[in-house]
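**Student:** So the sequence shown is numbered by numbering that gives the first Met the number 0: it starts at 0 and just counts up by one.
Treat the hints as calculated values from the structure; they're not laboratory data.
Idealized CB from N, CA, C, for every residue including glycine.
Watch out, some of these pointers could steer you wrong.
Once the Cα atoms are required to be at most 20 Å apart in a straight line, the calculated DMTMM-like pairs of lysine to aspartate or glutamate come out as [to be verified]: (1) Lys-155 <-> Asp-41; (2) Lys-67 <-> Asp-182; (3) Lys-67 <-> Glu-152.
Distance windows between CB atoms, simulated [to be verified]: (4) Ala-167 <-> Glu-9: 28 to 36 Å; (5) Arg-7 <-> Val-134: 29 to 37 Å; (6) Glu-255 <-> Gly-224: 21 to 29 Å; (7) Gly-11 <-> Glu-162: 31 to 39 Å; (8) Glu-9 <-> Asp-41: 24 to 32 Å; (9) Pro-136 <-> Gly-224: 33 to 41 Å; (10) Ile-195 <-> Asp-248: 31 to 39 Å; (11) Gly-216 <-> Glu-191: 32 to 40 Å; (12) Ala-197 <-> Thr-90: 20 to 28 Å; (13) Ser-188 <-> Asp-248: 13 to 21 Å; (14) Glu-63 <-> Glu-162: 17 to 25 Å; (15) Glu-255 <-> Glu-63: 40 to 48 Å; (16) Lys-67 <-> Asp-41: 24 to 32 Å; (17) Asp-175 <-> Pro-25: 31 to 39 Å.
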Amino acid sequence: MGQGSVRRVEAGDGAAIVYEVTGEGPDLVVVHGITESRRMWDPLVPRLAESHRVVAVDLRGHGESERKGPYDLATMAADVAAVAAAEGADTPDLLGHSLGGTVVTAYASAFPVRRVVNVDQPLALAAFQAQLLAVEPMLRGEAFEAVMDQIFETLKGPLGPEERERLAAIEHPEQDVVLGVWDVLFNSSVEELDGIVAETFGGIEAPYLSLHGIDPGPDYCDWLGQLISGAQCEVWADQGHYPHLVSPDRFLARVEEFLV
């Protein structure tokens, strides 16, 4: 469990968003992936808090935050902005994993930020869309939990048994939340999705680091550099979807170097 101060703020639509503040220093807002919570960051927060005031957010529909739609990126980014505003974090550093990587990127496209770190979340979404469309009927039916278990089992890759057990304990796949987050992928053409990506993630001027444990493909880093000018893109081979938990020392050193 965390050692910080647990707080809550009302989002623009009244949804209660819960977050935890740990440490002192420059503001670092951290955001977890789909079905998880701020508890995902627990192994890293104490060390991050040695040099930052870490604000760990539970996205709406996750953790202790209210389960209230909609669950689109713009709404979730606005929720995180409400947290930042409540804490007086006018220009925070942002760190997001998986879904959190898209949320902090959408935030950086709409609000002032200092720097952004995206952990293993490609912004070119067409390939992921194709994978989801193949299992959409099962995700909408009684096989939902089994499909989600299968998806996350493949993502955990080289994680050790203790971390696998810890993550399993904090994962809560709620069907309405997951389908709400992925609605844009189910209901957009490839061309429409490309336009949404350009509109939602383009125009970021802050320094941007995209760090991948699963190779996003040979052309991805060049594509990202065109979408976000000056973006740094690194692939840590065979680290899986959780490189920050597989190699925490390496990850923390890289993040500290980038955030200086």
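**Student:** Confirm or reject each hint.
**Tutor:** Hints, one by one, checked against the model:
no.	hint	in the structure
1	Lys-155 <-> Asp-41	holds, 17 Å
2	Lys-67 <-> Asp-182	holds, 15 Å
3	Lys-67 <-> Glu-152	violated, 27 Å
4	Ala-167 <-> Glu-9: 28 to 36 Å	holds, 31 Å
5	Arg-7 <-> Val-134: 29 to 37 Å	holds, 35 Å
6	Glu-255 <-> Gly-224: 21 to 29 Å	holds, 23 Å
7	Gly-11 <-> Glu-162: 31 to 39 Å	holds, 35 Å
8	Glu-9 <-> Asp-41: 24 to 32 Å	holds, 26 Å
9	Pro-136 <-> Gly-224: 33 to 41 Å	holds, 37 Å
10	Ile-195 <-> Asp-248: 31 to 39 Å	holds, 37 Å
11	Gly-216 <-> Glu-191: 32 to 40 Å	violated, 21 Å
12	Ala-197 <-> Thr-90: 20 to 28 Å	holds, 24 Å
13	Ser-188 <-> Asp-248: 13 to 21 Å	violated, 43 Å
14	Glu-63 <-> Glu-162: 17 to 25 Å	holds, 22 Å
15	Glu-255 <-> Glu-63: 40 to 48 Å	violated, 28 Å
16	Lys-67 <-> Asp-41: 24 to 32 Å	holds, 25 Å
17	Asp-175 <-> Pro-25: 31 to 39 Å	holds, 36 Å
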